[in-house]
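What follows is each chain in one-letter form.
Number of protein chains: 2
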Amino acid sequence: MELNEIGKCAKAASRHLAILSTSKKNEALKAVAAALVANSADIIAANEIDVKNAKENGMSEALLDRLSINETRVKSMADGILQVADLKDPVGEVLSMTNRPNGLMIGKKRVPLGVIGMIYESRPNVTPDAFCLCFKTGNAVILRGGSDCIHSNLAITKVIRAALKEQGVCENVVQIIESTDRATATALMRLNEYVDVLIPRGGAGLIKSVVENSTVPVIETGTGNCHIYVDASADFEMALNIIDNAKTQRLGVCNAAESLVVHESVAKDFLPMLYKKLTEKAVVMRADERARAICPQMEAATEEDFYKEYLDRLISVKIVDSIDEAIAHINEHNTGHSESIITKDYENSLRFLNEIDAAAVYVNASTRFTDGGEFGFGAEIGISTQKLHARGPLGLEELTTTKYIIFGNGQIR
Amino acid sequence: MELNEIGKCAKAASRHLAILSTSKKNEALKAVAAALVANSADIIAANEIDVKNAKENGMSEALLDRLSINETRVKSMADGILQVADLKDPVGEVLSMTNRPNGLMIGKKRVPLGVIGMIYESRPNVTPDAFCLCFKTGNAVILRGGSDCIHSNLAITKVIRAALKEQGVCENVVQIIESTDRATATALMRLNEYVDVLIPRGGAGLIKSVVENSTVPVIETGTGNCHIYVDASADFEMALNIIDNAKTQRLGVCNAAESLVVHESVAKDFLPMLYKKLTEKAVVMRADERARAICPQMEAATEEDFYKEYLDRLISVKIVDSIDEAIAHINEHNTGHSESIITKDYENSLRFLNEIDAAAVYVNASTRFTDGGEFGFGAEIGISTQKLHARGPLGLEELTTTKYIIFGNGQIR
Numbered sequence: 001m002e003l004n005e006i007g008k009c010a011k012a013a014s015r016h017l018a019i020l021s022t023s024k025k026n027e028a029l030k031a032v033a034a035a036l037v038a039n040s041a042d043i044i045a046a047n048e049i050d051v052k053n054a055k056e057n058g059m060s061e062a063l064l065d066r067l068s069i070n071e072t073r074v075k076s077m078a079d080g081i082l083q084v085a086d087l088k089d090p091v092g093e094v095l096s097m098t099n100r101p102n103g104l105m106i107g108k109k110r111v112p113l114g115v116i117g118m119i120y121e122s123r124p125n126v127t128p129d130a131f132c133l134c135f136k137t138g139n140a141v142i143l144r145g146g147s148d149c150i151h152s153n154l155a156i157t158k159v160i161r162a163a164l165k166e167q168g169v170c171e172n173v174v175q176i177i178e179s180t181d182r183a184t185a186t187a188l189m190r191l192n193e194y195v196d197v198l199i200p201r202g203g204a205g206l207i208k209s210v211v212e213n214s215t216v217p218v219i220e221t222g223t224g225n226c227h228i229y230v231d232a233s234a235d236f237e238m239a240l241n242i243i244d245n246a247k248t249q250r251l252g253v254c255n256a257a258e259s260l261v262v263h264e265s266v267a268k269d270f271l272p273m274l275y276k277k278l279t280e281k282a283v284v285m286r287a288d289e290r291a292r293a294i295c296p297q298m299e300a301a302t303e304e305d306f307y308k309e310y311l312d313r314l315i316s317v318k319i320v321d322s323i324d325e326a327i328a329h330i331n332e333h334n335t336g337h338s339e340s341i342i343t344k345d346y347e348n349s350l351r352f353l354n355e356i357d358a359a360a361v362y363v364n365a366s367t368r369f370t371d372g373g374e375f376g377f378g379a380e381i382g383i384s385t386q387k388l389h390a391r392g393p394l395g396l397e398e399l400t401t402t403k404y405i406i407f408g409n410g411q412i413r
Numbered sequence: 001m002e003l004n005e006i007g008k009c010a011k012a013a014s015r016h017l018a019i020l021s022t023s024k025k026n027e028a029l030k031a032v033a034a035a036l037v038a039n040s041a042d043i044i045a046a047n048e049i050d051v052k053n054a055k056e057n058g059m060s061e062a063l064l065d066r067l068s069i070n071e072t073r074v075k076s077m078a079d080g081i082l083q084v085a086d087l088k089d090p091v092g093e094v095l096s097m098t099n100r101p102n103g104l105m106i107g108k109k110r111v112p113l114g115v116i117g118m119i120y121e122s123r124p125n126v127t128p129d130a131f132c133l134c135f136k137t138g139n140a141v142i143l144r145g146g147s148d149c150i151h152s153n154l155a156i157t158k159v160i161r162a163a164l165k166e167q168g169v170c171e172n173v174v175q176i177i178e179s180t181d182r183a184t185a186t187a188l189m190r191l192n193e194y195v196d197v198l199i200p201r202g203g204a205g206l207i208k209s210v211v212e213n214s215t216v217p218v219i220e221t222g223t224g225n226c227h228i229y230v231d232a233s234a235d236f237e238m239a240l241n242i243i244d245n246a247k248t249q250r251l252g253v254c255n256a257a258e259s260l261v262v263h264e265s266v267a268k269d270f271l272p273m274l275y276k277k278l279t280e281k282a283v284v285m286r287a288d289e290r291a292r293a294i295c296p297q298m299e300a301a302t303e304e305d306f307y308k309e310y311l312d313r314l315i316s317v318k319i320v321d322s323i324d325e326a327i328a329h330i331n332e333h334n335t336g337h338s339e340s341i342i343t344k345d346y347e348n349s350l351r352f353l354n355e356i357d358a359a360a361v362y363v364n365a366s367t368r369f370t371d372g373g374e375f376g377f378g379a380e381i382g383i384s385t386q387k388l389h390a391r392g393p394l395g396l397e398e399l400t401t402t403k404y405i406i407f408g409n410g411q412i413r
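Residue numbers (my numbering), protein chains in the order written: chain R, 1 to 413; chain A, 1 to 413.
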């Protein structure tokens with residue numbers, strides 16, 4: 001189907017979905033979850049084609065693992081949908097209602113965004129995930145997944161659409177673009193007539209391309225050059241545990257720590273302990289000259305290192321003379337994701353919270369908590385690092401907008 | 001100064017402004033208001049150059065009037081700033097604070113956006129207005145006004161910066177780009193490193209150009225193809241008054257009515273009354289065939305007319321057979337601004353409120369109320385017709401974002 005036609009169908013379906021009751025939406029979600037399990041053989045068969053192609057293309061073991069679907073993974077997709085069915089529906093909530101002197105009653109009501117375009121890369125589990133979050137919030141979605149998992153994505157979408165149709169729900173609330181070429185993605189980014197919002201999910205390259213090419217409003221997700229600042233008064237054991245956790249608990253995630261900032265007054269005692277701890281986990285430390293004077297085993301960092309999201313067993317280290325320098329360094333190099341201070345000092349904890357410019361700012365905790373689940377949202381569609389609309393983990397509420405509803409009885413100006 | 005340098009200075013100034021106390025900000029705003037009045041002679045002298053140039057370029061009387069500054073208008077700029085000083089500061093408010101099972105305390109705090117780019121056209125009063133709204137909400141602003149009022153804008157900005165400096169506030173919280181060429185505007189739209197949000201204020205052409213060229217997130221404001229639907233049960237007198245008000249009270253505004261939709265069951269009686277009323281105000285009606293069969297004096301409308309924001313003594317008229325057709329017609333042709341139904345029918349009023357996709361949806365009231373002042377916001381920076389971040393009149397709160405502040409005591413995942 002032509003992209004313009006897909007957009008048109010999505011817009012029409014979104015009108016239908018916007019006024020569907022919460023109970024009907026939940027019923028449909030449960031039917032979709034059951035259908036995925038019932039049709040797991042078809043999904044796995046389609047996935048086998050993707051896996052075979054990926055192997056031929058020399059995909060790494062780690063990526064192959066992310067791509068592969070088995071019975072357990074289909075079950076887990078279905079469970080994810082059932083969890084979303086159980087969450088509170090944000091649509092329809094009236095956030096405020098005011099009476100004006102002229103008698104107008106003005107309400108602010110939460111409504112769906114309309115049509116969401118989702119551009120993403122490898123993992124096929126993004127497909128049911130994106131569908132159910134958009135559907136629960138009354139949004140039609142146009143999916144554009146990567147070429148690596150196109151067969152899996154098509155099979156999953158086919159099952160979802162059939163289950164919706166059986167439920168009497170317009171199947172065009174979820175559509176997938178079959179073409180995986182770059183031109184189609186770019187055309188989707190400029191489909192302003194039909195698409196209300198674009199959400200890219202993937203690596204820095206994908207997100208940059210969407211931000212640069214899209215005329216449709218974008219919610220930027222993703223890249224995290226997260227810092228941990230070890231203040232002069234830090235508890236060393238706490239600092240060691242938090243850094244270890246933030247760096248090594250999971251390497252390839254956007255809320256992992258990528259850079260350390262250490263106050264000079266504790267560097268001499270702290271850095272050797274830290275070096276020992278991280279080296280045990282095979283983490284390579286790239287440090288500035290002052291840190292290397294203390295720990296010559298560390299590699300030398302270039303200025304470029306301090307801007308890098310490694311997503312790997314690497315971390316940069318910078319020594320500062322004051323909290324002012326720490327804050328300035330972090331605000332200069334971060335990506336606006338998550339930053340943490342380890343301190344016992346009250347004043348410094350507040351200054352860090354106030355002056356650091358990021359979606360999530362921590363005192364004495366791991367940056368790894370920046371996550372919809374950990375924040376108690378129940379579901380997450382990504383982590384926004386931009387300032388418009390939503391910042392930090394995106395839950396269901398962030399997939400809605402508002403409209404003013406105004407009750408009058410003949411008022412004129 | 002080079003644009004990149006302006007961006008850098010704005011970002012640095014925004015850090016300083018973000019942590020300025022509300023009382024200090026209000027004090028500075030009052031000083032700026034006083035300085036504008038005290039220096040009105042300089043501002044008026046600069047404005048005279050713009051007015052002289054505009055006359056030579058053949059600017060119309062109406063536009064010349066909008067461009068001109070006299071003592072009274074400087075006073076009114078100053079009064080506007082004092083009013084904003086009196087409004088509640090949204091920055092710093094903690095919107096929620098939750099305790100997680102692991103003991104983390106997660107707060108959501110309202111913070112400034114950072115650096116706002118404002119691209120606008122003729123009227124020089126936008127300059128102090130944009131400055132004070134951004135300043136009150138802790139945002140640095142980069143102004144890029146039109147060439148028609150560049151001398152006025154430079155003079156106003158000079159006065160504001162001098163007053164801020166005297167107050168010990170970094171003057172780079174407000175900067176104006178001296179060059180008014182298109183290339184500079186385009187460069188500002190791509191200054192992602194320093195600019196957090198762009199707000200265009202002006203005609204449809206300007207806004208379209210910003211949406212198409214900007215990689216910085218945009219808050220789209222402005223165009224309104226607003227409809228009034230006269231339902232089968234409408235009170236005729238109420239409908240006549242509301243349509244008259246929405247079309248003629250002020251012609252050139254985005255919340256003026258541009259199109260009527262009339263239920264066929266009342267068209268025969270209602271249209272001749274309406275034709276009489278609007279013709280008295282010299283409004284030309286462009287109607288579909290069915291309306292012209294009733295009122296042959298109306299001009300014939302083309303399909304294009306139904307998409308037009310006239311901003312003039314013109315209105316389009318369409319007859320429909322049902323509320324379903326009315327809703328579909330409006331959702332197809334509107335710009336997502338303001339739409340109103342005139343009805344006595346309970347069910348139809350709710351359907352219209354629920355199913356119309358627009359920033360403001362009215363029952364039995366004029367669309368002219370979509371305005372920050374009328375909504376009780378105290379100030380307005382424009383009216384958003386997009387769905388991300390803010391929809392409808394933009395008040396002070398819409399010039400802020402949030403950040404999560406997380407209090408821990410050693411938590412790891």
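One should not assume that every hint holds.
Note that identical chains are pooled: a pair holds if it fits in a single copy or bridges any two copies.
[Claimed, not checked] Keeping only pairs whose Cα atoms sit at most 25 Å apart, straight-line, the calculated BS3-like set for lysine-lysine is:
hint : residue 1 : residue 2
1    : LYS8      : LYS308
2    : LYS108    : LYS88
3    : LYS165    : LYS8
4    : LYS108    : LYS344
5    : LYS208    : LYS165
6    : LYS108    : LYS30
7    : LYS109    : LYS88
8    : LYS344    : LYS109
9    : LYS24     : LYS109
10   : LYS30     : LYS75
11   : LYS268    : LYS281
These are calculated hints, taken from the structure and not from any lab test.
Hints violated by the structure (listed by number, smallest first)
Checked against the structure, the hints that fail are numbers 5 and 6, while the rest are satisfied.
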